[in-house]
Every structure is written in structure tokens, then in C-alpha cells.
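Fit chain X to the supplied structure of chain F, relying on the hints for placement.
Chain by chain, the residues run as shown.
2 protein chains.
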Amino acid sequence: MDQEIIARLRKRMTADGLDAIIAVSPENVTYVTGFVVPSQSLMRWRHAICVVTADGRICMVAIDMEATTVRAHAGIDDLRIYREFTEDPMDKLAEALKDLKLDGSKIGVEMEFLPAKDFATLQRVVPNIQWVAADAIFNQARQVKTTKELELLRSLSKLTDKAIGDTLRAARAGMTEMDLAGLLLSNLLTGGAENYKLMIIASGERSQFPNVGPTGRKLQAGDLIRMEIFGQKKGYLAGICRSAVVGKATAEQEKIWTNLIECKYLVMSMIKPGAKCREIYQRFLEKFSELGFEPISFVGHGIGLHLHEEPYMGQDGDEVLEEGMVGAFEPLVYIPGRMGLQNKDMFCVTNIGCELLSDYTPTDTLLRVG
Amino acid sequence: MDQEIIARLRKRMTADGLDAIIAVSPENVTYVTGFVVPSQSLMRWRHAICVVTADGRICMVAIDMEATTVRAHAGIDDLRIYREFTEDPMDKLAEALKDLKLDGSKIGVEMEFLPAKDFATLQRVVPNIQWVAADAIFNQARQVKTTKELELLRSLSKLTDKAIGDTLRAARAGMTEMDLAGLLLSNLLTGGAENYKLMIIASGERSQFPNVGPTGRKLQAGDLIRMEIFGQKKGYLAGICRSAVVGKATAEQEKIWTNLIECKYLVMSMIKPGAKCREIYQRFLEKFSELGFEPISFVGHGIGLHLHEEPYMGQDGDEVLEEGMVGAFEPLVYIPGRMGLQNKDMFCVTNIGCELLSDYTPTDTLLRVG
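Those protein sequences? They're chains F and X, same order as listed. Using this note's numbering, the letters of the first sequence map in sequence onto residues 975 to 1344. Using this note's numbering, the letters of the second sequence map in sequence onto residues 975 to 1344.
Simulated from the structure, these hints should not be mistaken for lab results. Just to be clear, a hint being listed does not mean it is correct.
As the list claims (entries may be wrong) - Derived CB-CB ranges, DEER-like:
id, chain 1, residue 1, chain 2, residue 2, range
1, F, Lys1250, X, Gln1289, 54 to 60 angstroms
2, X, Arg1191, F, Trp1019, 26 to 32 angstroms
3, F, Ala1094, X, Glu1069, 22 to 28 angstroms
4, X, Gln1289, F, Ile980, 35 to 41 angstroms
5, F, Gly1311, X, Gly1008, 48 to 54 angstroms
6, F, Lys1122, X, Val1294, 47 to 53 angstroms
7, F, Thr1232, X, Ser1271, 56 to 62 angstroms
8, F, Thr1060, X, Gly991, 27 to 33 angstroms
9, F, Gly1327, X, Asn1102, 53 to 59 angstroms
10, F, Ile980, X, Arg1312, 30 to 36 angstroms
Note that beta-carbon positions come from the ideal geometry of N, C-alpha and C, so glycine has one too.
Just chain F, with the same shape it has in the complex (with noise of 0.2 angstroms):
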């Protein structure tokens, strides 16, 4: 557990009026603990529950089958252990509020993740509580990192670039999607992460659709390969993406990939505390606009704990930089029927600019494989 978690959750709280701020997704809990409870995210109805309370109290509601686990790695006294299939957790959590004398106060709780069912029932069981969204909450306090979650996402982005470099370098023809996506996963745990998510590896004709993963198809002389991974470790997400060229590219697909490193360097130049987001957005659309093709909504957003946070760097976006945010920028273009290119890189907004977590595989040229 992170202390200074816990204390700027309690600051935000205080300032709103809470008595108590109750986490129930996956990224909360761990956000609240700095544990990930295997099975949460796997099946919805084995919830993981943490309440934390203005004064700084603490409590978990946990399964069963994973008291073990919970209990030897969560570091919590009061933890909560219900049965599945028996026992409903919101019973279990309703009890606890009761116990921490919290039945009749205000609680704000994740209304954008709670099932409507599960809302339905603490509103039966505990009808004095005063509920309303805690998901802002959650949201603004994970924006800027704390110095051990900085320290994470550096080691993670630089693992997570090099096990995306090796694997393109590695591509020829005649290999397969899956034969990368078999290399990339084995360089991305065996270089530390523990997971991954979202997956793309989009070769030739395929490289023009938005979050595909990759099937049987062989690579071919000519072909661009867009290949992007969420590396993950402790819960918390490094999104990288590099482009490459089976062989050599054409004029026009070099032409692209210089403005959208132009763009890269364009973005970075611009992070530093107090820059508005939708300006960056605005001087990269400028910049893109010289191709002349469709741009996507944003050019980056805040990654953590889950793999888009706020803030976007979008057409939107109101909100401005602070020192210790952590996000991916990723100038893109999806050309319908014909390619994709893309490259999204990891930065860190320092007291005075911006620091590219993502250093690992150099893109000022478009990557020649095979």
C-alpha cells in the first residue's frame, strides 16, 4: 500500500464532503491496496471491494477461493471473506459499513463501474447510506503518479519498447501474425512484464483497421506491419507502438511516417506543466493536416492503471498538464482500404518538459525488417 495514495484519496474526500470512498474495479483496488486480486477483472461476480474512510480506516471484501492470496499479499487487517456462490458481497460490504460505522453518512462509490444489480441491492441493504459517484475522484487522484508509480511505468515502457523492437527485427516474410505475436509475448515476459493487454499486430492490407490482433496471415515483401502492446506489471499498463516495412517502403509510406514523427517530436516539444491539452491537439492537427487524411479524436491520453486515463490530448480536452502525469501520444493514420502507420510512445510531464519513457527503439526513419 502507498501511503501517499491513501492520503490524497482522504485529501479529495474531505474536500468533498465523503465520509468514505468505496473502490470496486480492478484498477481501484489496486490503486487502493497496490495488489492485484487475481480473478476480479476475469469473472464480474467475484468482486474485491475496498473501502477507504475519511479518517484513514481501511477495509476489503474479498472471495473465498482467494482469502489465501489476498490475505498473504494485500496487507490488509480487515479483510472480509465471503462464499461464492452463497454469500452476495454487497451483503458482506453492507456489513462492514455498518461495522465502521458508516450506515446513514455519505459514500461515494464507482457508479460507472457497480453494476445496476449490485447498486440495486446496497440500496435495499443500507437505505440511509447517501450514494453518489466517487468515479472522479478515483480518476483525477490517479492522474499524477506517485514516485513508486513513476518508477514502474519507466522500467515497464523501456521493457515494453524492447520487446516490440526485437520482435520487428525479427520479422520476415513468410512468418506469420501469430509467429510475432508468439515472439513478442515471450520478449515482453521474459523482459520483466507480467502481463499484457490490447494486442494489435496488423500486417499489410490489415494495418489500415483500428485494434486488430493478429491471425494466420504471412507476411509479404512491401508489407507495413503496425504492431502495439499494453506491456503490464503489478497492474499497471506501458502502451507502446512501432511501425515497421517488410523490405522497402514506398515514398508515399516514408512521406507519412516523416509527419507523424514530426508530429511525435511536434507533441513532446509541447508537454511541460501548464500546457493545455486540446492545444497540443490542435498544433498536431495542423501539423497532420499537411496529409491530407482523416485524424482520430485525440493524439494521447493518461495511462496507469487502466489503459487509457484521463488526460486526452483530444479535440475535447479542458484539461491542462501537471508535473508527474504519465500518458502515450500516438500520432496514427488509418487509410480505409489501403494501410495503417502508427507510433505511440510513453512520456512523463517532469517539472519542466517532458521525459520519453519510451527510448528504447528509434523511429526517426521508418523501420526496414526481413
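Chain X alone, transformed into the frame defined by chain F:
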């Protein structure tokens, strides 16, 4: 899209007097469309939603940035795209329901998935709709697999089993759990899986913990290794676990393993149409109790688009097996402070008995490696 699935859902809607049902979870959107919307399971606010009406009309709501991917792969004519950040997918859904002349009707929705905030929005924008929970309709429909689903699960089971067996046989003292993880994922993806869920690699004293992933721990002579993974393809999952010993097993480990495999054959012998899940669990308990260790609350569970589905073969399982059901059964023991051993196989209920879908890695004696 599998027309057999749509027909089943329509039959259940008619039986329950519903005018439509709405899929909002990644599993059920895939169940209806046959397609995995890439970022739906990754970012909760990127809703993908499918409406199926009792008279067979189908409508889908998806996010702008994946519009091309969904249009190319989901094969749904009535596709409605919402803009991320500025449009609420619930407004788009409400608009669709009005267009489908469903305002004022009785509609089932997944209350165990739909976030409380989104349900509140729906209640506000289409107040005349009578909402009921449709979770059970989807869950029950999904229990008995269609011919297409069974084909997929059969091949996925075999390749997942092979990936684990091949990885364990390559294990040597001095390798880390992460080395094994890289090799396992490489084997799994080059074998034909597209993704995975819940990778458990727990060696030595870590083998006692349920559901823990790989770490940098180095294998030593005498270590037990518990290796479980759910291979994933087209959204469907096959969960297999094998155990091995680095070098020579102790007499106690051999004795435990023999019991677990006797439990495996006992469970297999009881799986057939009409078998009662609780009876299978009770017979398993009798055999398992010879060891004198604490059992977990189920020995098997259904599997398909979710890694655990009904029916559970457990102490609280009222269900009866039917032809076409697919699941996994897993005799296992976690001995606190000491060790764990586990074997998990995939099965299908045939017209007369049990088909073992994971028949690649021999299990009759505890695998010796290294």
C-alpha cells in the same frame, strides 16, 4: 452470426414475454454477433451494444474509432456509431430503441454488467420501457453449445493442452517462471490461439496459492509447477491445467497426484446427459476426502465465452447436465504453507457420456521434467 444462437434467444424472449433483449457485456455481444469488438473488454466506457428483438431484428451500437473494424467484421446492417467523449452510447441506444418501436415495451438487459450510472441514464431517457434482468436468458442459452461453438472449443482445448505440455517438458532447474510464461504464450499463439486469460505459473512454495501469475522465481530441483491457462480464440476460452515436478516427486506428492487423477476419471465416468452436478461433486468429495485436505467448493464448471459459466459441479449446483454442454473439471489441492497440485481438463457432454477435449498431455503419472 450463428443463426442457431439468434433462434435460441428469440425462443427464450417469447417464453419470458419480452419484446427484446440487449447484450452489453463483451461475452454476450460476441455471442450475438460472432465477433469480438476489440476494445470493448478493455475500456468500460467504450460500450458495444446489441439489441435483438423478439421478431428477429438486430441492431448494434458501437464507438466511432472502431466503426470500420465493426462494419467490416460484425455483419450487422443496422449499425449505429456514437462519438467517443461527446456522445453517450446510452442516448444512441435509446434512439435505436425508439426507431425499433420498442418505447413502452418490456426489455431484458444485463443488469449484472450494465453500470449503475448507465442504467440510470436509460431510465431517464426512455422512461416508458419496462426493464428486466436478462442475464439468466443469456447464461442459459450459452450453456449448450452449437455445432460451430463445439468445433471451436474442441480445437482450442487441444492446442491449449499442447502448449502447456510442450512448455512443461522444456522446464529445467534455473529457468524462471517468467521464462516458462514466455515459452507458454509463444507455444499457445503459434499453436493457433489469439489471446489468453488467467495464466497461472506457480512453482515451489508458490504452488500453494490459487490464481497467481508468473514471477522471477527460479526453478529448483524438487519444485512442483502448477501451470494453467485459458487459451482464447474468437472470444471463446478453453481452460487447462497441468502439474509437473522438477526431478523426482516425493511419496506424498505421488500419493496426492494419484488421488487427483482418480478423481478425474471418477468425474469423467459420471458426466452424461441427465447427471446431477451436485451428485458428481459429492462423489468427487468422497474420493478426495481420502487425502484429508480441504476441498474447494466446486470440481467443475461450464466454459465458453466466459472462463466460468453455469453449470457448476459444486455443493450448491442444482443443474443437470445436457448434451452439448462444455466445461472444465479440476481436481486440485492447495495446502496452506506447503504446496499445491492441480489438473484441469475440458469436456463436452455427448449423447451418451463424456468427450475429453484435452487429451494431449498424459496425466496418469505426475509429469517429471528437468
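Quick rundown of the hints versus the structure:
1. Lys1250/F with Gln1289/X: 54 to 60 angstroms: With a Cβ separation near 59 angstroms, Lys1250/F and Gln1289/X satisfy 54 to 60 angstroms, so the hint holds.
2. Arg1191/X with Trp1019/F: 26 to 32 angstroms: 31 angstroms, holds
3. Ala1094/F with Glu1069/X: 22 to 28 angstroms: With a Cβ separation near 26 angstroms, Ala1094/F and Glu1069/X satisfy 22 to 28 angstroms, so the hint holds.
4. Gln1289/X with Ile980/F: 35 to 41 angstroms: 39 angstroms, holds
5. Gly1311/F with Gly1008/X: 48 to 54 angstroms: At 23 angstroms between Cβs, range violated.
6. Lys1122/F with Val1294/X: 47 to 53 angstroms: With Cβ atoms ~52 angstroms apart, the hint holds.
7. Thr1232/F with Ser1271/X: 56 to 62 angstroms: 60 angstroms, holds
8. Thr1060/F with Gly991/X: 27 to 33 angstroms: 30 angstroms, holds
9. Gly1327/F with Asn1102/X: 53 to 59 angstroms: Given range 53 to 59 angstroms: holds, Cβ gap about 55 angstroms.
10. Ile980/F with Arg1312/X: 30 to 36 angstroms: 34 angstroms, holds
Going through the hint list in order, the structure does not satisfy hint 5, though it satisfies all others.
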